[in-house]
Amino acid sequence: DTAVSQTPKYLVTQMGNDKSIKCEQNLGHDTMYWYKQDSKKFLKIMFSYNNKELIINETVPNRFSPKSPDKAHLNLHINSLELGDSAVYFCASSRWGLSYNEQFFGPGTRLTVL
Amino acid sequence: AQTVTQSQPEMSVQEAETVTLSCTYDTSESDYYLFWYKQPPSRQMILVIRQEAYKQQNATENRFSVNFQKAAKSFSLKISDSQLGDAAMYFCAYRSSPLTQGGSEKLVFGKGTKLTVNP
Numbered sequence: 191d192t193a194v195s196q197t198p199k200y201l202v203t204q205m206g207n208d209k210s211i212k213c214e215q216n217l218g219h220d221t222m223y224w225y226k227q228d229s230k231k232f233l234k235i236m237f238s239y240n241n242k243e244l245i246i247n248e249t250v251p252n253r254f255s256p257k258s259p260d261k262a263h264l265n266l267h268i269n270s271l272e273l274g275d276s277a278v279y280f281c282a283s284s285r286w287g288l289s290y291n292e293q294f295f296g297p298g299t300r301l302t303v304l
Numbered sequence: 153a154q155t156v157t158q159s160q161p162e163m164s165v166q167e168a169e170t171v172t173l174s175c176t177y178d179t180s181e182s183d184y185y186l187f188w189y190k191q192p193p194s195r196q197m198i199l200v201i202r203q204e205a206y207k208q209q210n211a212t213e214n215r216f217s218v219n220f221q222k223a224a225k226s227f228s229l230k231i232s233d234s235q236l237g238d239a240a241m242y243f244c245a246y247r248s249s250p251l252t253q254g255g256s257e258k259l260v261f262g263k264g265t266k267l268t269v270n271p
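Protein sequence lines correspond, in order, to chains A and B.
Per our numbering, the first sequence starts with residue 191, numbered consecutively.
Per our numbering, the second sequence starts with residue 153, numbered consecutively.
Treat the hints as calculated values from the structure; they're not laboratory data.
Check the hints yourself; a few may be wrong.
Unchecked claim - What the simulated footprint calls covered on chain B by chain A, stretch by stretch (three residues with Cβ under 8 Å from a Cβ of chain A suffice, anywhere in the stretch; the number is not a length):
#1 190-197
#2 258-271
As the list claims (entries may be wrong) - Below, computed lysine-lysine pairings styled on DSBU-like, alpha-carbon distance capped at 35 Å:
#3 K230/B <-> K230/A
#4 K263/B <-> K230/B
#5 K230/B <-> K266/B
#6 K263/B <-> K234/A
#7 K226/A <-> K222/B
#8 K222/B <-> K231/A
Predicted, not measured: the structure shown is a model, and the values here were computed from it.
No residue lacks a Cβ here, since even glycine has one placed at the ideal position from N, Cα and C.
Whole structure, please, built from the sequences with the hints as guidance.
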């Protein structure tokens with residue numbers, strides 16, 4: 191059973207389009223995250239949700255809108271895609287507040303904007 | 153804000169030898185957690201080892217161990233008996249303690265070290 195899954199794994203699209211990436215976790219965690227890994231492999235937090243509430247928003251353009259319909263899902267919608275949005279997007283989950291909680295990562299979605 | 157620095161963009165090691173990857177961090181917090189993640193070509197992020205700042209004993213997981221120097225804000229990863237499957241990007245990461253007021257559970261990553269294992 192996959193702990194954290196993302197769909198799609200690869201996404202190729204044109205500039206200006208709108209696209210969504212879906213994330214689901216079956217670990218019973220209450221906190222989910224989106225990270226962006228750029229072309230130089232640098233990983234940075236974008237958003238975090240705890241119990242469906244946004245708790246971290248790291249100066250991400252308004253074109254990015256996360257949505258958490260329930261604790262097990264965190265989707266990322268991107269409007270008006272730009273070339274600079276090309277990256278690998280990772281979803282992760284953990285249990286909030288535990289001192290030793292590990293973040294489990296999904297397999298990543300490689301987004302290519304042409 | 154916390155920062156994590158990995159000063160070695162690339163490292164190489166011979167199979168069966170030992171290699172140490174460096175990581176330093178900057179924080180004003182006294183309680184926090186440090187992690188090493190491995191990212192093989194499959195791009196899956198895999199937790200290698202973790203350390204709680206309040207523990208003086210260095211963490212060990214089989215062939216992987218850390219040298220945690222809290223005063224120096226240093227957290228290096230030692231891989232013993234290197235294997236071909238250890239070839240990957242290695243990321244050092246910092247996370248605040250959930251008990252820290254205003255602390256965030258986000259991971260702050262270094263820029264990574266690409267490890268090559270030569271047969």
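Cross-check of the supplied hints:
Coverage of the segment 190-197 of chain B by chain A holds. Counting CB-CB distances below 8 Å, 5 residues qualify, and the rule asks for three or more. With 6 residues bearing a CB less than 8 Å from a CB of chain A, the segment 258-271 of chain B meets the requirement of three and the coverage assertion stands. Between K230/B and K230/A, the direct Cα distance comes to roughly 24 Å. Compliance with the 35 Å bound is thereby established for this hinted pair. Taken as a hint, the K263/B and K230/B pair is honoured in the structure, with Cα atoms around 18 Å apart against an allowance of 35 Å.
This hinted pair checks out: K230/B and K266/B have alpha carbons roughly 14 Å apart, not beyond 35 Å. Of the supplied pair hints, the one linking K263/B and K234/A holds, its CA atoms being roughly 10 Å apart against a limit of 35 Å. With a CA separation close to 29 Å, the supplied pair K226/A and K222/B stays within the 35 Å bound. Between K222/B and K231/A, the direct Cα distance comes to roughly 27 Å. Compliance with the 35 Å bound is thereby established for this hinted pair.
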